[in-house]
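With the sequences and hints as input, model every part of the structure.
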Amino acid sequence: MECPACGRKNLEDSKFCSGLRENFIERIFAYKRWQLLINEPPKPSDLIAFHTSFKCILMAHHPNAQTE
Numbered sequence: 000m001e002c003p004a005c006g007r008k009n010l011e012d013s014k015f016c017s018g019l020r021e022n023f024i025e026r027i028f029a030y031k032r033w034q035l036l037i038n039e040p041p042k043p044s045d046l047i048a049f050h051t052s053f054k055c056i057l058m059a060h061h062p063n064a065q066t067e
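Those letters in the sequence shown? Residues 0 to 67, by numbering that gives the first Met the number 0.
Simulated from the structure, these hints should not be mistaken for laboratory data. Predicted model, so just to flag it, every value in this text is computed and none were measured. Mixed in with the good hints, there may be bad ones.
To be verified - Below, computed lysine-lysine pairings styled on BS3-like, alpha-carbon distance capped at 30 Å:
hint, residue 1, residue 2
1, K54, K31
2, K42, K54
3, K42, K31
Said to hold, decoys possible - Cβ pair distances, simulated, as ranges:
hint, residue 1, residue 2, range
4, P41, G18, 28 to 34 Å
5, G18, P40, 31 to 37 Å
6, K54, I24, 17 to 23 Å
Using N, Cα and C, we set each Cβ at its ideal position, and we do this for glycine too.
Okay, here's the thing in structure tokens:
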């Protein structure tokens, strides 16, 4: 997972701020949680908890990608 990046001008642009800014912020928080998780080899239960915590966000962005 790569660190989310976005130009400062995009974040300040009123056209950009609607859904794209929220998406960018979600990606930053997910990235930070992922980095904390992989500091040490994660246990399967840790991976399940990580994915479970982001399930609603994933379904909101890609409803057909989730089967459960």
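Cross-check of the supplied hints:
Pair hint K54 plus K31 holds up; C-alpha atoms about 16 Å apart against a cutoff of 30 Å. Among the hinted pairs, K42 with K54 is consistent with the structure: their alpha-carbon atoms are about 19 Å apart, no more than 30 Å. Of the supplied pair hints, the one linking K42 and K31 holds, its CA atoms being roughly 18 Å apart against a limit of 30 Å. Our hint of 28 to 34 Å for P41 and G18 holds, since their Cβ atoms are close to 30 Å apart.
At roughly 35 Å, the beta-carbon separation of G18 and P40 lies within the given 31 to 37 Å, and the hint holds. Between K54 and I24 the C-beta distance comes to about 18 Å, which sits within the given range of 17 to 23 Å.
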